[in-house]
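Which chain is which? The protein sequence lines are A and B, in order.
Last residue of the first sequence: 261 (the numbering used here), numbering continuous.
Last residue of the second sequence: 430 (the numbering used here), numbering continuous.
Just so you know, the hints here were simulated from the structure itself, not pulled from any lab data.
Since we're looking at a predicted model, the values are computed, not measured.
Think of the CB as a built atom: it goes at the ideal place given N, C-alpha and C, for glycine as much as any other residue.
Possibly wrong hints are sitting among the right ones.
[Said to hold, decoys possible] Sample of chain B residues at the chain A side, in silico, Cβ under 10 Å: (1) I20; (2) L119; (3) G122; (4) K129; (5) A131; (6) V134; (7) P159; (8) K235; (9) R339; (10) G342.
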Amino acid sequence: MSGKPKVAFFEFTSCEGCQLTVVDTLQNHPDLLNVIDIVEFREASSDKAQDGYDIAFIEGSCTRPGDEAKIKEIRETASIVVALGACAHLGGVNAIRNRMPLQDVREYVYQEKADWFDTYEPRPIEAVVEVDAFIPGCPIDREEFVKAVKHLLQGRMPKLADYPMCIECKLAGNVCVYKRGKTCLGPVTRAGCDAICPAYGYGCEGCRGLVPGQNVNLESMKDVLRENGMSDEDIDAKLSIFLTYQLMELEGKAPNVTLEN
Amino acid sequence: MSRLKINVHHLTRVEGHGNIVVDVQDGNLKQCELQIVETPRFFEAMLRDKPYGDASHIVSRICGICAVGHATASLRATENALGVELSEQTVLLRKLMMHGEIMDSHILHAYMLVAPDFLGVGSVIPLAKSAPDVVLRALRMKKVAGDLCAMIAGRHTHPIAMTVGGFTHFPREDELLALRERLVAMRADNQATLDLFASLELPDFVRDTEYIALSGTGEYTFIDGVIASTDGVTKPIADYRTVTNEIVVPHSSAKHTAHLRESYMVGALARFNVNYDVLHPKAREAADALGLTPKVINPFLNTVAQVVEIVHCTEDAIDIIDYLVDKGVFWEEPAEPTRDYGTGSGGVEVPRGVLFHEYTIEAGKIVGANCVIPTGQNLGNIDRDMRKLVPEILDQPKEDITHSLEMLVRAYDPCISCSTHILNVEFVNE
Numbered sequence: 001m002s003g004k005p006k007v008a009f010f011e012f013t014s015c016e017g018c019q020l021t022v023v024d025t026l027q028n029h030p031d032l033l034n035v036i037d038i039v040e041f042r043e044a045s046s047d048k049a050q051d052g053y054d055i056a057f058i059e060g061s062c063t064r065p066g067d068e069a070k071i072k073e074i075r076e077t078a079s080i081v082v083a084l085g086a087c088a089h090l091g092g093v094n095a096i097r098n099r100m101p102l103q104d105v106r107e108y109v110y111q112e113k114a115d116w117f118d119t120y121e122p123r124p125i126e127a128v129v130e131v132d133a134f135i136p137g138c139p140i141d142r143e144e145f146v147k148a149v150k151h152l153l154q155g156r157m158p159k160l161a162d163y164p165m166c167i168e169c170k171l172a173g174n175v176c177v178y179k180r181g182k183t184c185l186g187p188v189t190r191a192g193c194d195a196i197c198p199a200y201g202y203g204c205e206g207c208r209g210l211v212p213g214q215n216v217n218l219e220s221m222k223d224v225l226r227e228n229g230m231s232d233e234d235i236d237a238k239l240s241i242f243l244t245y246q247l248m249e250l251e252g253k254a255p256n257v258t259l260e261n
Numbered sequence: 001m002s003r004l005k006i007n008v009h010h011l012t013r014v015e016g017h018g019n020i021v022v023d024v025q026d027g028n029l030k031q032c033e034l035q036i037v038e039t040p041r042f043f044e045a046m047l048r049d050k051p052y053g054d055a056s057h058i059v060s061r062i063c064g065i066c067a068v069g070h071a072t073a074s075l076r077a078t079e080n081a082l083g084v085e086l087s088e089q090t091v092l093l094r095k096l097m098m099h100g101e102i103m104d105s106h107i108l109h110a111y112m113l114v115a116p117d118f119l120g121v122g123s124v125i126p127l128a129k130s131a132p133d134v135v136l137r138a139l140r141m142k143k144v145a146g147d148l149c150a151m152i153a154g155r156h157t158h159p160i161a162m163t164v165g166g167f168t169h170f171p172r173e174d175e176l177l178a179l180r181e182r183l184v185a186m187r188a189d190n191q192a193t194l195d196l197f198a199s200l201e202l203p204d205f206v207r208d209t210e211y212i213a214l215s216g217t218g219e220y221t222f223i224d225g226v227i228a229s230t231d232g233v234t235k236p237i238a239d240y241r242t243v244t245n246e247i248v249v250p251h252s253s254a255k256h257t258a259h260l261r262e263s264y265m266v267g268a269l270a271r272f273n274v275n276y277d278v279l280h281p282k283a284r285e286a287a288d289a290l291g292l293t294p295k296v297i298n299p300f301l302n303t304v305a306q307v308v309e310i311v312h313c314t315e316d317a318i319d320i321i322d323y324l325v326d327k328g329v330f331w332e333e334p335a336e337p338t339r340d341y342g343t344g345s346g347g348v349e350v351p352r353g354v355l356f357h358e359y360t361i362e363a364g365k366i367v368g369a370n371c372v373i374p375t376g377q378n379l380g381n382i383d384r385d386m387r388k389l390v391p392e393i394l395d396q397p398k399e400d401i402t403h404s405l406e407m408l409v410r411a412y413d414p415c416i417s418c419s420t421h422i423l424n425v426e427f428v429n430e
């Protein structure tokens, strides 16, 4: 692409925290506005894209059939579609309810009005359209976002870490939280966040998704969690927060995936 | 027959998805509402059977702007359910977190969501070229607020070190002092913000209503206290349902609320009206300079009340930091629960108004959860304000009417993704 690429932001079922993080990256990188042309960003701007856009960042999961059409329209318009954050990348916390029968969930929350609201099992954007790249995390990491934009401006796809988060903890010199009487999913989680949660005394919850590739050893992870005092129920609860969709995929139970993975 | 139809799809410069729909036939207002079309979030279902320690981390994900507020309300509900007594240090650090969030959100709202309407632009982005000082100021102020939260809990969205009974990380003295310096430097930016908002011509629209906010702690209350109303009533937080009285309405995936009148308002303006007497003196000065004294009944002034709160939070944060540096901040394990079962409510003033979380916990697991969101509590008031406003400006061109309605909704600073989940849920074990 020549000149400044046209960039647009969209959100589906989300907390908009990733887009807010994008706004906050301007605090340290105000020059971002000089290298991209933001043509649509509903939360921050009333301006709508007049002439399409080159790069679309999508935040949020798809949680209702009615949203698929808009996602497909975005795919048709943009050359590059980037899933922004855990909800778009992996279903995020929205997917927790995928373990529960859908009708039960609707009735629990809306009771006799359960059928008023259009909804289905939350899924990542890549379950609806092909996604070119993703920026993981809940929320995204500011520096990872800036690096990804730089890569895209250079005409290449963002490169993400493909090793466990434990490595970043060691590099940072953190005292392992297991030594502090807590538990952590770092050994099976993709690095790239500088191990921020352990740095602040809290075990990793896997918001960036599992380490890619065949080597993620979930059974061993569960053994370690058991040895450190977690019941099977609590282990399932912890794994469910950000990893429900990915785990269901591994089990062959992911809801209605429309593309081959 | 004359007909005016307005349909704003997915209002811009607000958090979340809402449509404004107006239908006037021959001068009669047939339809005038803010339709909440945000997808229902089902957070109450997400909490089901989770260990209580996970709850605050899950619910902070309800909202990117009020992440700290949700986490805090959640923690207070759990702590009340399980009989946890907090240390003074924990209470003060949580106040600082809320100050950081309030400032961060108000700065975003004032500069990036509201100001563009008055500066003739669609967003803050073109201002980066035409008024770079203004944009840099907004980013600089937001950075101080965000860094205050990051210093204590790792980040504002979503806080890491906040936990049941306390914190898992503590700021060092040098960090507190460095942040204090930046807060002091922010006073100049606060003044510039006051000057900017004093210069804007806000619509002269009024509608008297009930205003509700937390109060009764001897200071401008953001955490705990009692629920107070400008109609003269106070109620304990545990009785929040007798204040909110939620009802489902067909045009909204979020419920409406009503207390002593048909609707009420929460948020900065409500807090200002209820807690004016305990505003920090510097904030009171700022309010006086803007000619603001209770009872203020123009919803457009909600943004101005937010600017007064930015001043209040800056000054109170400096005072709290001074106290903490003087006393010293010490490592302490989070306070322990005295039991693993109970029902408890937490009330917190997030940027947009009073938020309630209530949990029922059995054997350490969440078995029932309810959240009442401030924006949900404002929806009835917004509809009624729009219904009063439209007839008053009906002679204007359609674009101007539309723009005024959009500005009215924006003045409330709605946080729509937060508001779309509702009912009390009791999980009955099969």
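Going through the numbered hints above, which ones does this structure break? Give me the numbers in ascending order.
Of the numbered hints given earlier, those the structure breaks are 1, 2, 5, 6, 8, 9, 10, listed in rising order.
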